[in-house]
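Asks: Sequence:
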Amino acid sequence: TQRDVREVQLAKAAIRTGIDLLLAANDRPTGDIDQVIIAGAFGTYIDVPSAIAIGMLPELPLDRFRQVGNAAGMGAKLVLLSQNKRAEARALGNLVRYMELASDPRFNSTFVQATWLG
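The opening position of the sequence shown corresponds to residue 1 in this note's numbering, with each subsequent residue numbered one higher.
Misleading hints may appear alongside valid ones.
[Stated by the list, open to error] Ranges of calculated distance between the beta carbons of each label pair, as one might list FRET restraints: (1) Ala102 to Arg28: 18 to 26 Å; (2) Leu80 to Ser109: 24 to 32 Å; (3) Ser103 to Asp27: 29 to 37 Å; (4) Gln2 to Leu95: 38 to 46 Å; (5) Glu59 to Arg90: 31 to 39 Å; (6) Thr30 to Leu95: 39 to 47 Å; (7) Gln113 to Lys77: 17 to 25 Å.
What the hints contain is simulated information worked out from the structure, not anything from laboratory work.
Keep in mind it's a predicted model, so treat the numbers as computed, not measured.
By construction, the Cβ of each residue, glycine as well, lies at the ideal position given by its N, Cα and C atoms.
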């Protein structure tokens, strides 16, 4: 239905906008992406070549995409069972920088452009 197409457009635009703004904020080209980890039910069931074809995911070799399923659940289990994994998670958390995408001045124009399928 038209509603389904619109839902795909919005999901595609949200994901692609996030990718594009994160790359721009770090002054990196798409080719610098070593690995794209796709998690959750979305990551389990998405057809990566189709997502690339509509522009949801960047054009990268397919071996750079990793579909991992319930990564949050697996991560929670690992840190509960292992002090070493807990320490690794804390160290990784210290490296992460929060970025409010919606407040980025490029957000609206990037999002609108990303709604195009293809």
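Asks: Would you mind marking each hint as holding or not holding in the structure?
Replies: Hints versus structure:
Under the hint 18 to 26 Å, the C-beta atoms of Ala102 and Arg28, about 21 Å apart, fit the expected range. Checked against the given bound of 24 to 32 Å, the beta carbons of Leu80 and Ser109, roughly 43 Å apart, lie outside it. In this structure the supplied range 29 to 37 Å is violated for Ser103 paired with Asp27, their Cβ-Cβ distance being about 19 Å. The supplied range of 38 to 46 Å is met by Gln2 and Leu95, whose beta-carbon atoms lie about 43 Å from each other.
Here the CB-CB span from Glu59 to Arg90 is close to 35 Å, well matched to the stated 31 to 39 Å. Our hint of 39 to 47 Å for Thr30 and Leu95 is violated, since their Cβ atoms are close to 21 Å apart. Between Gln113 and Lys77 the beta carbons are some 39 Å apart, a value that contradicts the proposed interval 17 to 25 Å.
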